[in-house]
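Letter by letter, the chains look like this.
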Amino acid sequence: MTLDSKIPAGPIEKSWDNHRFALKLVNPANKRKYTVIVVGTGLAGASAAASLGELGYNVLAFSYHESPRRAHSIAAQGGINAPKNYSNDGDSVWRLFYDTVKGGDYRAREANVYRLAQVSGSIIDQCVAQGVPFARDYAGYLDNRSFGGAQVSRTFYARGQTGQQLLLGAYSALCRQMDTGAVKFFARREMLDVVLVDGQARGIVCRNLVTGELEPYVGDAVVLATGGYANTFYLSTNAKASNATAIWRAYKRGAAFANPCYTQIHPTCIPQSGEYQSKLTLMSESLRNDGRIWVPKKKGDTRKPADIPESERDYYLERVYPAFGNLVPRDVASRAAKRMCDEGYGVGSTGRAVYLDFADSIKRLGKSVIEERYSNLFDMYHEISAEDPYTMPMRIYPAVHYTMGGLWVDYNLMSSIPGMYVLGEANFSDHGANRLGASALMQGLADGYFIIPYTIGDYLATQKFKPVKTEDAAFKETQAGVAQMVTKMMSMNGKKTAEEFHRELGKIMWDNVGMGRNKAGLQKALAEIPKLREEFWSNLKIVGSAAELNMELEKAGRVADFMELGELLAYDALHREESCGGHFREEHQTEEGEAKRNDEQFSYVAAWEYAGAGKTPVLNKEPLTFEHVKPSQRSYK
Amino acid sequence: MNFTLKIWRQKNRNDKGTFVTYTIANIAADASFLEMLDVLNVELTKKGEDPVAFDHDCREGICGSCGIMVNGRAHGPGHGVATCELRMRVFREGETIVAEPWRAKPFPVIKDLVVDRSSFDRIMMAGGYISAKTGGAPDGNALPISKPISDEAMDAASCIGCGACVAACPNSSAMLFVAAKVSHLALLPQGKPERKRRVERMVSQMDAEGFGNCSNNYACEAECPKEISVSNIARLNREFLMAKIT
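Protein sequences appear in the order of chains A and B.
Position 138, counted from 1, in the first sequence is what the numbering used here calls 138; the numbers after and before it change by one each time, with no gaps.
Position 192, counted from 1, in the second sequence is what the numbering used here calls 192; the numbers after and before it change by one each time, with no gaps.
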């Protein structure tokens with residue numbers, strides 16, 4: 001496979017403008033003759049479908065949810081970045097670009113990141129125009145706050161519900177296009193395969209989740225915006241249905257999968273409390289702006305937090321990282337918490353938690369200010385833990401929450417399958433090995449509102465499309481393959497449910513491929529996952545039929561894919577003999593326990609190519625060059 | 001904790017449906033209502049019985065997917081929580097818990113506790129938006145909006161579209177849902193140019209879907225997981241009246 005990133009030549013400040021000018025346009029009258037399939041209608045998918053519909057394309061949008069408003073983008077809390085410099089604190093496109101490349105530990109493409117920083121301001125403007133009720137100050141202007149890892153205030157937010165408000169904005173734009181007929185929305189449809197004709201993506205096969213029927217759809221291009229794969233770990237902060245099936249099946253059709261081992265662990269989650277637990281709950285890391293993280297200085301201290309005097313508390317982030325304190329990037333904060341707990345300083349019944357304390361802020365700012373900023377998060381914590389964070393510190397622990405890896409895409413966001421585009425968390429493009437806070441919403445909307453509308457036109461304008469029908473052999477064969485897999489899953493009548501297999505997979509992943517990884521653990525995972533998969537394919541139990549709403553069948557298909565993806569993830573983590581961002585190999589750390597990169601050997605994108613069932617995937621390397629942000633050891637001290 | 005569950009089972013849209021009684025043991029008090037159903041479903045599957053279908057996703061009260069009538073109340077006992085946030089510790093040991101789907105004509109049952117809420121999408125399509133095309137927006141700070149107005153719009157905009165208001169209402173009215181969107185957009189200056197057309201079209205679609213009228217019962221506000229105020233319904237009525245007479 002040859003990977004052409006199509007990064008424009010010339011000065012980086014001009015590259016997106018020049019590139020846009022070079023892109024071919026589709027004549028306005030011809031746009032309606034093209035059909036674009038958009039799979040997934042979260043932030044990236046809904047904004048793309050709405051924008052393409054506005055341009056005049058004929059758009060078919062698909063979601064396994066009942067409505068676009070249910071997508072997991074809705075759960076993002078903290079905010080969205082844009083270098084508007086409204087705070088007059090020295091922010092600029094260049095600084096956001098610099099922070100993002102550095103925050104990603106020098107494993108992202110400079111040109112992509114620069115473009116992201118460039119268009120992010122327009123996202124805020126667009127969202128305000130749609131009626132997104134961003135927080136404002138008393139003069140009526142937009143308010144900003146600083147957010148994990150940034151020394152400027154560039155984060156726009158809507159209380160602790162920024163993702164909800166942005167998604168509802170994109171959803172409303174999509175509704176407008178659904179009303180005009182430009183976009184046709186297909187609810188409760190799960191994409192189970194992509195259909196290739198002469199090597200181009202020309203359609204998809206979906207399962208209608210209500211009737212169980214398999215349905216083929218034809219298009220001229222396919223856009224996947226189906227989110228990340230954090231649920232490979234079973235316990236994550238992702239929604240229960242979040243899955244990797246669309247991108248995984250595209251991978252098996254020839255789309256390269258880039259950097260699967262770059263997974264992000266979020267530092268401020270509510271700790272696990274029991275085996276029954278179905279998911280972990282994230283609380284926005286904006287909490288770290290006003291909360292102080294600490295553990296007792298004494299190991300195994302079981303006193304109540306209020307009984308531990310100030311002098312016997314270790315505010316370890318402030319101690320180790322005086323410049324950034326509690327605001328160090330996510331990966332640094334997460335690993336520090338793990339280290340403290342591993343060493344025996346953890347708190348709570350399991351010892352796998354640290355305190356996040358608001359007492360000082362409440363004293364300094366008053367309870368009402370803290371309420372204004374975080375009341376929904378405090379309520380959520382109270383609801384789950386039955387403890388009141390206004391009077392006692394929260395207990396927090398890191399959890400898997402986002403995946404930087406994803407399908408490989410070029411500068412146009414096209415995957416290695418011609419005509420198949422990948423947006424948002426589903427692609428790998430902008431965050432390198434670690435994503436900064438408030439950058440996921442930014443990237444999803446940048447891709448959907450301001451990048452795909454231009455780049456897809458170039459493809460459509462320059463290709464010749466032969467007429468394709470769902471009766472064609474390519475569609476029949478793809479659909480038959482999907483049907484076979486469904487039949488196989490329904491027919492085993494074994495003893496274990498998909499949920500049980502998922503839990504077991506999650507345990508293997510978290511124990512061996514989680515926050516700290518080493519060779520022995522990764523090899524163990526690579527030995528255990530295939531065994532579990534073998535058992536899955538002989539001992540799975542699903543009740544009911546495939547010709548009805550069958551949520552166990554849906555889950556089983558997703559778990560089947562997670563079990564394959566988990567193996568690739570571990571394989572990638574084993575091959576990457578360095579630590580960078582969210583990928584921490586215990587063999588490669590500095591004396592102080594920080595991630596140690598190996599730029600000489602690993603400054604590349606690892607794009608894995610499917611080689612067939614049971615075969616070792618092929619590694620393709622896209623070298624990364626840094627002309628503007630000189631790689632250095634990240635230091636937040 | 002141990003419970004007896006009476007759960008509504010209905011194979012599909014056309015099936016008549018009935019309550020089926022189950023018993024469940026050893027549920028952690030901190031488990032959520034949905035996690036309790038997860039445990040039940042694993043047990044049912046192992047016995048070869050069809051697991052209970054229910055909609056759910058984020059499990060942190062923001063996606064609006066879940067929605068179960070628990071003991072006759074939308075999202076169960078307590079205030080300001082969605083079903084996924086309902087913890088088993090609020091029930092008594094040994095209690096019999098009744099779980100049924102939202103009951104409203106515009107929300108037909110798909111299976112068991114899963115209902116079809118696409119009528120909400122169609123109401124949104126009829127005007128729940130500001131027609132701002134991608135690309136044409138002025139700078140975000142070009143239009144200052146007073147903080148109290150912006151905050152009030154945000155209060156209304158926090159609706160998660162779960163349908164509890166409809167399920168709780170004796171008339172199956174969707175007024176709180178529609179009012180939340182109309183208020184959010186009518187309060188903001190960006191939403192003013194389309195306010196008349198918006199309210200007329202959304203209300204007309206609401207009626208066409210078969211939702212009932214508001215008779216000031218306030219059950220919607222009481223059961224709303226986001227505690228959206230009925231004062232929004234008053235604003236909806238004013239907006240509608242103004243649109244009709246001006």
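Keep in mind the hints are simulated off the structure, nothing from the lab.
Small disclaimer: the values here were computed from a predicted structure and weren't measured.
By construction, the Cβ of each residue, glycine as well, lies at the ideal position given by its N, Cα and C atoms.
Careful, some of the hints might be misleading.
[Stated by the list, open to error] The following label-pair restraints were derived from C-beta to C-beta distances: (1) B/A222 <-> A/P631: 36 to 46 Å; (2) B/N216 <-> A/G212: 42 to 52 Å; (3) A/K495 <-> B/A25: 19 to 29 Å; (4) A/Y454 <-> B/A25: 37 to 47 Å; (5) A/N30 <-> B/K16: 28 to 38 Å; (6) A/S92 <-> B/N71: 30 to 40 Å; (7) B/A25 <-> A/A473: 37 to 47 Å; (8) B/L143 <-> A/Q589: 26 to 36 Å.
[As the list claims (entries may be wrong)] Only pairs whose alpha carbons sit at most 25 Å apart, straight line, appear in this in silico DMTMM-like list of lysine to aspartate or glutamate: (9) A/K184 <-> A/D379; (10) A/K476 <-> A/D125; (11) B/K147 <-> A/D198; (12) B/K47 <-> A/E548; (13) A/K637 <-> A/E564; (14) B/K105 <-> B/E227; (15) A/K541 <-> A/E504; (16) A/K367 <-> B/E152; (17) B/K192 <-> A/D125; (18) A/K531 <-> A/E548; (19) B/K47 <-> A/D125; (20) A/K519 <-> A/E564; (21) B/K6 <-> A/E499; (22) A/K496 <-> B/E49; (23) B/K47 <-> A/D379; (24) A/K299 <-> A/E310; (25) B/K133 <-> B/D116; (26) B/K16 <-> A/E548; (27) B/K6 <-> B/D116; (28) B/K47 <-> A/E504; (29) B/K147 <-> A/D379.
Results for each hint:
About 58 Å separates the C-beta atoms of B/A222 and A/P631, a value inconsistent with the hinted range of 36 to 46 Å. Distance hint for B/N216 and A/G212: a CB-CB separation of about 44 Å, consistent with the stated range 42 to 52 Å. The hinted window of 19 to 29 Å between A/K495 and B/A25 holds, with their beta carbons roughly 21 Å apart. Taking the beta carbon of each, A/Y454 and B/A25 are about 59 Å apart, not inside 37 to 47 Å as hinted.
For the pair A/N30 and B/K16, the beta carbons lie near 52 Å from each other, so the given range of 28 to 38 Å is not met. The hinted range of 30 to 40 Å is not satisfied by A/S92 and B/N71, whose Cβ atoms lie roughly 57 Å apart. For B/A25 and A/A473, the hinted distance range of 37 to 47 Å is not satisfied, since their beta carbons lie about 54 Å from each other. Checking the proposed 26 to 36 Å range against B/L143 and A/Q589 shows it is violated: the Cβ atoms sit about 50 Å from each other.
Taking the CA atoms of A/K184 and A/D379, the gap is about 38 Å. The hint is violated against a cut of 25 Å. The straight-line distance between the Cα atoms of A/K476 and A/D125 is roughly 45 Å, outside the 25 Å bound, and the hint therefore fails. For the hint pairing B/K147 with A/D198, the CA-to-CA distance comes to about 56 Å; that exceeds 25 Å, so the pair is violated. Taken as a hint, the B/K47 and A/E548 pair is honoured in the structure, with Cα atoms around 20 Å apart against an allowance of 25 Å.
The straight-line distance between the Cα atoms of A/K637 and A/E564 is roughly 39 Å, outside the 25 Å bound, and the hint therefore fails. Proposed proximity of B/K105 and B/E227 is supported: the alpha carbons are some 24 Å apart, at most 25 Å. Distance restraint check for A/K541 and A/E504: the Cα-Cα separation of roughly 15 Å lies within the 25 Å cut-off, and the hinted pair is therefore satisfied. Proposed proximity of A/K367 and B/E152 is supported: the alpha carbons are some 21 Å apart, at most 25 Å.
The straight-line distance between the Cα atoms of B/K192 and A/D125 is roughly 18 Å, inside the 25 Å bound, and the hint therefore holds. In summary, the hint linking A/K531 to A/E548 is not supported, as the alpha carbons are separated by about 31 Å, beyond the 25 Å threshold. Note on B/K47 and A/D125: the hinted pairing is violated, with a Cα-Cα distance of about 55 Å set against a maximum of 25 Å. Taking the CA atoms of A/K519 and A/E564, the gap is about 19 Å. The hint holds against a cut of 25 Å.
Of the supplied pair hints, the one linking B/K6 and A/E499 holds, its CA atoms being roughly 24 Å apart against a limit of 25 Å. Between A/K496 and B/E49, the direct Cα distance comes to roughly 14 Å. Compliance with the 25 Å bound is thereby established for this hinted pair. With a C-alpha separation of about 38 Å, the suggested pairing of B/K47 with A/D379 is violated against the 25 Å cut-off. Under the criterion of a C-alpha separation no larger than 25 Å, the hint pairing A/K299 with A/E310 is consistent with the structure, at around 16 Å.
Under the criterion of a C-alpha separation no larger than 25 Å, the hint pairing B/K133 with B/D116 is inconsistent with the structure, at around 30 Å. With a C-alpha separation of about 16 Å, the suggested pairing of B/K16 with A/E548 holds against the 25 Å cut-off. Taken as a hint, the B/K6 and B/D116 pair is honoured in the structure, with Cα atoms around 22 Å apart against an allowance of 25 Å. A C-alpha spacing of about 21 Å is found between B/K47 and A/E504, which places the hinted pair at or below 25 Å, so the restraint holds.
With a CA separation close to 23 Å, the supplied pair B/K147 and A/D379 stays within the 25 Å bound.
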